[in-house]
Amino acid sequence: MMNNTRRGVLAAVAAGTLALTAAACGGDEAPAAAPSAGGSAAPAEKIEITLNTFGGGENFAYDDAVAQWNAANPNVQVKYVNLTDRFEDTYLPQVLQWLEAGSGAGDIIAMDEGAMGLMAARPQYFADLGQYGLDSRKADYPAFKYDVGVNTEGKLFALGTDIGGMAMCYRTDLFEKAGLPTNRDEVSKLWPTWNDYLEVGKKFKAKVPDAGFVDGANTVYNSVLAQEAGKNGGLYYFDKNQALVVDKNPGVKAAFDYVQSLSSAGLTAKLRSWSEEWNTAMQKGGFATMGCPSWMLGVISGTSGESNAKKWDVAAVPGGSGNWGGSWLMVPSQSKHPKEAADVLNFLTGKDGQVAAFKEGGNFPSAIPAQQDPTVAEAKNAYFNDAPSGPIFAASVAKLAPVFFGEKHAQVKAAVEEVLVGADQGSVKWDEAWTRFVEEGVKAAG
Amino acid sequence: MSLSVDAGSRTRTVPPGPRRHARPPGGRRFWSWLDLRATPYLFVSPYFILFAIFGVFPLIFTAWVSLHDWQLAGDKTFIGMENYTELLADDKFWNSVLNTVGIFVIATVPQLLLALLLANALNKKLRGRLVLRLSVLAPLITSVVAVAVVFTQLYGRDYGLVNWVLGAFGVDPIHWQNEKWSSWIAIATMIDWRWTGYNAIIYLAAMQTIPKDLYEAAAIDGASPRRQFWGITVPLLKPTIIFTVIVSTIGGFTLFAEPVMFGAGLMTGGTTGQFQTVAMFIVKEGFRDFQYGYAAAAAWILFLLIMITALINFAIVRGIGRSR
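Protein chains in written order, with full-length UniProt numbering: chain A, 1 to 446; chain B, 1 to 324.
Pulled out of the complex, with its shape left as it was, chain A reads as follows (with noise of 0.2 Å):
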């Protein structure tokens, strides 16, 4: 029986083996012209470089902003490879398979939050951005997502593409059934705190008993602890010298307390994110609010349907600020055109880039230049009740604080998030989760 998973399972173990053997071989991934010039001439013949990115349907949304670059530079040519939809589990082993071996990674490759402190404690694999005038490029950013892409040895070696931000979905529907306003100024004015949240909640919850106020843990947690992060030096799971500090950071705490409370009160619909029932919920009315980066309207309004449309609003976060998701672009030291990717780099991230992947597939910016730019700043969604999101959300990231991401930052926050879900649906009782909560998250930092 079962051997379709069988393979399944001995591909994914035997992936490991072969790709370190394949790595051994694969040093022919140069471009065919490669003129080994120092970098700093230009190139009299014309060169490629490659872009890998990862993500499904309109992904990185970079086909306009490639095919201006191609136009003005007939020199140097860019080459667009979407690697994979999967990140986590394809994408990501790739590239460190790539990088260890010393070859075949793009002259420019892409990466989620998620990587991002994993990449940063590997200086060695990037070549510096400073180098190639880059690090002018700082006052167009808010800190929180120009700081992520400074190594562990201060060096540049990332800039931002698109960002999340955070703002909050709601329900227009429930909202009338509990007696709430509906109007998304009004609704904004209701939780200026994270406080007042909780007390909105409990008067939903009082007219509204068969829909929950918020679907889970995850994404309340998330926002909560990225202000948090701002108020204790921009850490989460691990301070600047890699030491685990989950159960001495005080944001930490502070957005776990918040959970609970929030689920202690019976507000969540104790739904995971990403879940069968999740998807459903969103279709019918199964939860009134939900934390939402602006990548998310796309996943409400695909998955809620043309039947709820105009049923979603957006309003703003309690605390006003937060982000989840966001991406990089960044050079590894093995490229053989590091000046021209740096290049090709600035104008991806630049606001001509940002704007194309804007207008091709509503990727928010994170380059402020890019977000006061027309396109984004009036932008509406028409299936939020026409909601502004480029304002929103451009407000949204304005404030935020500098975070820094550990090396095992990724595994940690899977870790720890497992048990808030636990406990939000029960597997995990309250009093012992934060015990629990602890001990995941020392036992993913390894």
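Hints may contain errors.
[Said to hold, decoys possible] Some but not every residue of chain B turned toward chain A, in silico, with C-beta under 10 Å:
1. R37
2. T39
3. L72
4. K92
5. N95
6. V149
7. G156
8. Q177
9. N178
10. G263
11. M267
12. T268
13. F287
14. F290
[Claimed, not checked] Now the stretches of chain A that chain B is said to cover, found in silico as 3 or more residues with beta-carbon under 8 Å:
15. 93-102
16. 425-434
If you are wondering where the hints come from, they were derived from the structure by calculation, not from laboratory data.
Yeah, the Cβ is synthetic: ideal placement off N, Cα and C, and Gly gets one too.
With the hints as your guide, set chain B onto chain A.
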């Protein structure tokens, strides 16, 4: 080409002629010998060469990796058996072993019994026998992920069909992912839905090779159909049952897709690892936490566990029908 002609010449009558007593030259004798002895090995070699590259080498390489603290794009230090000692003391690993064995038992035992009864029924004279036989195989041709997605929806906590039916009998909604017993049952049903028909067809094929006169003789002696089933069918099916049990053991111990889909695509198998199987544990360690050495050690232990369990099952099944 000429080699095979030479090889055949031995068995053929030697044509009369002037060179009748001449011995073939030494070189030809060598080729002839090579042809007879080596050609068969040459013909079977492609399989073994591929097996060496894709079977034996990864196995040995995994063993080598398992002796290191092997981080992807990080440090690799030789640490001997440390991964194994750490693994054997890791309660998360043993939890995943328990889950795998538990799901295997509650999935496989009913599955094979049901398959046996189903095959027996299909072996009878029925109207539309071909259609029935084909339809039990239908679940197998659906994608395993599709099966898992549909079943995961059926077992949904808030909007699932199963809870809706149970609700009609006054049972409170069950959060199937939340407890070990409920998640195991849910996953076991996915496995059984997909594989019962497959095993039934194998049993059916084997049943059709049992001579009819055995049943006739038994019927004349007054044996009931039930007695015939246990006294004739099952003992004669023993080699087939052993085969299905071993294949099921391997499949059950490497269970992966169903629990992953059931747990929203995560490798953790529930918030506290309620249904994390060993295969999921390996992928989590290797490809989420990038501890290749640790994952490789777990893969080797899984290999040994499968060998041991397959042998135990073999011993148990071999005893079937002996006492009867």
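Hint check results:
1. R37: 34 Å, violated
2. T39: Result: violated, 32 Å to nearest chain A Cβ.
3. L72: 5 Å, holds
4. K92: 8 Å, holds
5. N95: Where the cut-off is 10 Å and the nearest Cβ of chain A is about 13 Å from B/N95, the hint is violated.
6. V149: 7 Å, holds
7. G156: 5 Å, holds
8. Q177: 8 Å, holds
9. N178: Constraint on B/N178 satisfied, holds at 5 Å.
10. G263: Holds. Min distance 8 Å.
11. M267: Status holds, d = 8 Å.
12. T268: With Cβ-Cβ at 5 Å, under 10 Å, it holds.
13. F287: 5 Å, holds
14. F290: 7 Å, holds
15. 93-102: holds (count 5)
16. 425-434: With 4 residues in contact (Cβ-Cβ under 8 Å with chain B), the coverage given for the segment 425-434 of chain A holds.
Checked against the numbered hints given earlier, this structure breaks hints 1, 2 and 5; the rest are met.
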